[in-house]
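A.B. asks: All chains should be modelled from the sequences, with the hints used to inform the complete structure.
Residue numbers (my numbering), protein chains in the order written: chain V, 1 to 111; chain Z, 1 to 113.
Bear in mind the hints are in silico, worked out from the structure with no lab data behind them. The C-beta atom is built at its ideal place from N, Cα and C for all residues, glycine as well. Mixed in with the good hints there might be a few duds.
What the hints assert, rightly or not - Computed spacing ranges between beta-carbons, pair by pair:
(1) Z:Ser58 with V:Asn30: 36 to 46 Å
(2) V:Asn30 with Z:Arg59: 19 to 29 Å
(3) Z:Ser62 with V:Pro111: 39 to 49 Å
(4) V:Gly59 with Z:Asp99: 16 to 26 Å
(5) Z:Glu68 with V:Ile13: 43 to 53 Å
(6) Z:Glu56 with V:Lys26: 15 to 25 Å
(7) Z:Gly40 with V:Ala82: 17 to 27 Å
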Amino acid sequence: SQQGEEDPQALSIQEGENATMNCSYKTSINNLQWYRQNSGRGLVHLILIRSNEREKHSGRLRVTLDTSKKSSSLLITASRAADTASYFCATDLDSNYQLIWGAGTKLIIKP
Amino acid sequence: DTGVSQNPRHKITKRGQNVTFRCDPISEHNRLYWYRQTLGQGPEFLTYFQNEAQLEKSRLLSDRFSAERPKGSFSTLEIQRTEQGDSAMYLCASSWTGDHEQYFGPGTRLTVT
Chain V
1 SQQGEEDPQA
11 LSIQEGENAT
21 MNCSYKTSIN
31 NLQWYRQNSG
41 RGLVHLILIR
51 SNEREKHSGR
61 LRVTLDTSKK
71 SSSLLITASR
81 AADTASYFCA
91 TDLDSNYQLI
101 WGAGTKLIIK
111 P
Chain Z
1 DTGVSQNPRH
11 KITKRGQNVT
21 FRCDPISEHN
31 RLYWYRQTLG
41 QGPEFLTYFQ
51 NEAQLEKSRL
61 LSDRFSAERP
71 KGSFSTLEIQ
81 RTEQGDSAMY
91 LCASSWTGDH
101 EQYFGPGTRL
111 TVT
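C.D. replies: Structural data, given as structure tokens:
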């Protein structure tokens, strides 16, 4: 069974706008990771946030984590056509590196 | 290119046949993972190795599935007596102990007819 659930399932925005996607999970975690998947490059790691962190930035990406609500959000600012992809959250429960994945958010950036 | 490689990229087989996939991880990585992904879903964990030892197997991995990693280098995933429900993308990833980020290969797409 899958631990994470992304919301929305699909998101279509204009280039230049910000995109926000959310992930909820069920059990306590050691860390939460976001990955991007497109047909050209496969699955690529974007950012990791540990359970004792609340916010993290990497370039145009901002990730927040609320362990009390068991949720995380990924914000992509100033979106580009190249950001078109599916975005997955993956949770690492007890640092044995077994990742449990959500079903993903499909993001389409319109030119 | 020193990333994770998987072969073959595509495999079409008839129900009941056996298939074997290969994964070559990034050479410095001692951990290797196998996942299965169906259309519209996230990857599902199957198994992982630390060096040559298979440390964990998902209950998804029925007796028809077996994975090996001889000498702690490349890994093979074999599916015996394939069923149509085995049709999926099989993904391999690798990492270094202490590094949570996993590096994925391009996957092997299996179609069972």
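A.B. asks: Run every hint past the structure and note whether it holds.
C.D. replies: How the hints compare with the structure:
1. Z:Ser58 with V:Asn30: 36 to 46 Å: 18 Å, violated
2. V:Asn30 with Z:Arg59: 19 to 29 Å: 21 Å, holds
3. Z:Ser62 with V:Pro111: 39 to 49 Å: 46 Å, holds
4. V:Gly59 with Z:Asp99: 16 to 26 Å: Check passed, 20 Å falls within 16 to 26 Å.
5. Z:Glu68 with V:Ile13: 43 to 53 Å: The hinted range 43 to 53 Å holds for glutamate 68 (chain Z) and isoleucine 13 (chain V), with Cβ atoms some 45 Å apart.
6. Z:Glu56 with V:Lys26: 15 to 25 Å: Cβ of glutamate 56 (chain Z) to Cβ of lysine 26 (chain V): about 19 Å, so the range 15 to 25 Å holds.
7. Z:Gly40 with V:Ala82: 17 to 27 Å: 22 Å, holds
Violated hints amount to a single one, hint 1; each of the other numbered hints is respected by the structure.
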